[in-house]
Amino acid sequence: MKIGVYFCKCGTNISDRIDPQKVMEEITKLKDVAYFETVDFLCAEEGKEFLEKDLKKKKPMRVVLGACSPRDHEKTFMNVLSKAAINPYLMQMVNIREHVAWVISDICKASDKASAYLKGAVARVQLHEPLKPEELNVCPDVLVIGAGPAGLKASLSLTEAGRKVVLVEKNPVIGGMPVRYEEIFPNMECGPCMLEPMLGDVLHGDNSENIELLTLSEVVEVAGYLGNFIVKIKQLPRYVNPKKCIGCRECIEPCPVSAKNEFNCSLDERKAISFAFSGGLPNFPFIDDKVCIRTKGENCRLCEDACIVDDAIIFDDKEKVIEKNVGAIIVAVGAELYDCSNLTNLGYGKLPNIYTSLEFERIIASNGPTEGEIQGFGKKGPRSIAIIHCAGSLDKNHIKYCSGTCCQSAFKFNQFISKKLPNTKIFHFFKEISVPGKETFQLYNKALNNPDSMFIRYRNINEIDVSIENGRLAIHYSFSSGKRCKSTADMIILCPPVIPSSDTAELGSILEIPADRYGFFEELHNRVDSIQSKLKGVYLTGSCQSPMDIQNAMNQGLAASGYILSGLPEGKKLEIEPIIASVDEERCSGCRVCNLVCPYKAIDFDEEKAKATTNSVLCQGCGTCVAACPAGAIKGNHFTVEELLAEIQGVLT
Amino acid sequence: MTKKPGLSMYWASSCGGCEIALVNINEKILEVIDKFDFMFCPCLLDTKKKDIEALPDKSIEITLFNGAVRTEENAEMANLLRKKSKILIAFGSCSNDGCIPGLSNLYSAKDHFDTIYLNNPTVSNPGGIVPQRETEVPEGTLHLPEFYDTVRTLSQVVDVEYFIPGCPPESNQIWDVINSVIEGVKLPPKGSVIGAGTSTVCDECEKIKEDKKIDRFYRTYEIIPDTKKCLLEQGIICMGIATRAGCGSLCPKVNMPCSGCYGAPDGVLDQGAKMIAALGSILNLEGDLTEEEITGHTNKIMDSIPDYAGTFYKFSLAGSILKNSVRK
Ligand SMILES: Cc1cc2nc3c(=O)[nH]c(=O)nc-3n(C[C@H](O)[C@H](O)[C@H](O)COP(=O)(O)OP(=O)(O)OC[C@H]3O[C@@H](n4cnc5c(N)ncnc54)[C@H](O)[C@@H]3O)c2cc1C
Ligand code: SF4
Ligand code: SF4
Ligand code: SF4
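Chains as they are written, first to last, in this note's numbering: chain A, 12 to 664; chain B, 45 to 372.
Isolated chain A (complex conformation) (with noise of 0.2 Å):
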């Protein structure tokens, strides 16, 4: 075999160290070695022509470079090699800058060290398989996250610009939290209305046939990478078939149980079958079945026997595994309050009439649990309502952060009371206003113009105590001067923080996306790349990345899809590197071992056949299931076992 070798001398860097004269004795020694060329800067526009001429002229079947670190330059050589028509991985690169001519001063041990390295490669080359990276069409498929706004306005740009998006919603209903919302900041309009338009689009608008729309459903599993990430995708059994239901509600009525109603913050009930909220969308009922009695054995079938269609109500509906082949992925699962419970001295359930600002949200929804009414106060409704801004914000012992929201919506309930309420007073407990942008100080001017409105501001949320007295919640506090102070009221209203919600940590782990020191997913770079996770191809929009408006949420979705439209455009190509694992079904004995340990899920159990498999796509080389199969039946390219010992034979001879 011939072996064209070349000693790059790298200016000085490494000849002063290493003597290619006795290098070159010692290696032009070997059988296979058919010359030996001393090259000033193998780098260099100058080198690398040379080389290139050299190699076409000499027409080696293998080449070893003794020169710097492969991470400097391996991909420059591997260039010149194809550009002279050699298989660029019939080559073989020895690091003799940095691992021996910078760490050893002798240049006769330099010049020995150097010649083994040499010869342990001289020993692999010959071994070298000419590879060919495989390519591959990307898929321009996306998978959204969450059907908030943020997820809504990614999924309906994407598929405007023609592009297939599977849509993941944990929910039974889609629409996020703002479709909770009577009304909506800054300009005070009606929530579902303002998003039904949406909501429409994605289920039967012009494109909704590219939106594939998964309720009840929740992403289990990711492997892969920008361009083909293939998850696996978990949906809960609805036991409702949307294509029979007609959403009349006859089944809900006769069902005999019932249990708290989250969507409405457990303020009231829903039965085992029922719809989230009245208008919630897609208008089709499911069945809960850790509700439902069927499921502890009982033959109830009375929600079907309600049932005016038939075959609506599918009561052996099975949990689906839907695996997707997808491009890349937006993470749209919003976020969840910061749990009032935790500031004790305010009372927060265990006082009546204390609610969060969600719980207010669902209170005055014309959709909600009281159908927007405030119950308990008469016709008049309560004498005065305390809003406590900033509970759990910005405070040491809570949230340090500003959610930037949460001001917002309490001038919004400002308006709201006042216009519903008009003997209502209301009370703003504040530590600082946050009210940046046009509109939203408009919000705050509103607030401040309302005759009806005090302004209080604590000191400190920690010092607030609520208690009952006569019948009324007597709120006593500090002004900032330490004075203490009483004010009293019907019903208090907690503006809490905006957190993390509970699934973005196990999210973030099985989208191997890392969380900030909130626990928000984190971005690439807070101001320039906001929108990209720090794993290319899955990007962050809405309240995951960080508290925000809708207006922000929506323009995150737009970025995002922005992003995959010139990132990701349809028919372009990827290469895979050829350095990667494969198994040999004769040798395979299915013993498993293998199974667990590729840190990139890219080996597989066929069933059937009874062995292992390896993805091409998803396999990064790293050789880890190779050194675990035990039956050596995994080969990892470019370093098969043979070359490995092959390098230290020669190393050591």
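Simulated from the structure, these hints should not be mistaken for laboratory data. By construction, the Cβ of each residue, glycine as well, lies at the ideal position given by its N, Cα and C atoms. Incorrect hints may have been included.
[As the list claims (entries may be wrong)] Chain B regions said to be covered by chain A (calculated; three or more residues, Cβ under 8 Å):
| id | region |
| --- | --- |
| 1 | 199 to 207 |
| 2 | 253 to 259 |
| 3 | 283 to 294 |
| 4 | 310 to 318 |
Starting from the known structure of chain A, arrange chain B with the ligands on it as the hints suggest.
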């Protein structure tokens, strides 16, 4: 009648089980004798070394050589039979990989003599007599062949055509090999393993195999395994994963773990090292563990294995990359 091809079988450092395995082909032995001239087999026949020496070179068609090379005599016979045979087959685990005799490579010849003749509690040897290469007696000098410092496999001593693994090789496999020679089936390339599979024992084992995550290992007396499931998954070190197929998974079939007698499968250089790499891949180290916890946990799991060499290299130490212990 044309002359029948010659067949010989020799035992070097071995237990005799290989010969029994050959005879275990039962009545088919008659067919063997019918087709071959069974020329030499100290266990069964009376031909002597001098008879073989008298033969022309390459006049034996096939020699089945079992036993490792422990002594000078073993080496001498290996060389002789090599010279006289067309096809020399390393037969059985000892000649393939060293087998149990090979485990003695953890100690030097002197260590063995000291233990066997001097220090063993059941030995009384007041004169401190140990075997000598030469001993003077009134009749002259007695010679003993050298007891080498290390046990070698047959192919470490002479050139070998084929390898039939097993301790002992399964009789049906022996018959298959002999029969294919009788039937004139084309022989595989030199150096091949014959009379065995290419994959591992798991391939032949009918136990249900699932994803493996092992918390601790059990010795066989410490656990009553679920007989349907893979033994390894239950924490019993079954060498089946790293052992060449061919036995029909005899041991796992009766719920005993494979101890590895068929040696490494194709594509594996070192059975013991491979087994350790595989076990390392299936230890249960799930969860958020610190480096120290991982080390601690791994050590604990490894401590439940009483004898590394005897577990992982029971049959293959002499033939492994390690070969023997470092002697100072
Ligand atoms: C009390 C309150 C009032 C507000 N009022 C206003 C207002 O008037 N105007 C305004 O502009 N902003 C308002 N906001 C802010 C607004 O709610 C957010 O900007 C908006 O909800 C963010 O949209 P999103 O799509 O990021 O998340 P969300 O609206 O939270 O939607 C996330 C979606 O993802 C789903 N999901 C969650 N986890 C998973 C999972 N693991 N798998 C699949 N799906 C999942 C959820 O079910 C949900 O449908 C208010 C916020 C609060 C707390
Ligand atoms: S470890 Fe090897 S033999 Fe076992 S299933 Fe995986 S590829 Fe097959
Ligand atoms: S070499 Fe094996 S373990 Fe590594 S990425 Fe490829 S399949 Fe996974
Ligand atoms: S019991 Fe042993 S031979 Fe059978 S599958 Fe498990 S490891 Fe393999």
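| query | the region 310 to 318 of chain B covered by chain A? Criterion: 3 or more residues, Cβ-Cβ distance below 8 Å. | reply | holds (count 5)
| message | Using C-beta distances, would you say chain A covers the region 283 to 294 of chain B, given that this needs three or more residues below 8 Å? | response | holds (count 4)
| Okay, the region 253 to 259 of chain B and chain A, do three or more residues pass the C-beta test at under 8 Å? | holds (count 5)
| chain A over the region 199 to 207 of chain B, status - at least 3 residues with CB closer than 8 Å | violated (count 0)
When held up to the earlier numbered hints, the structure conflicts with hint 1 and nothing else.
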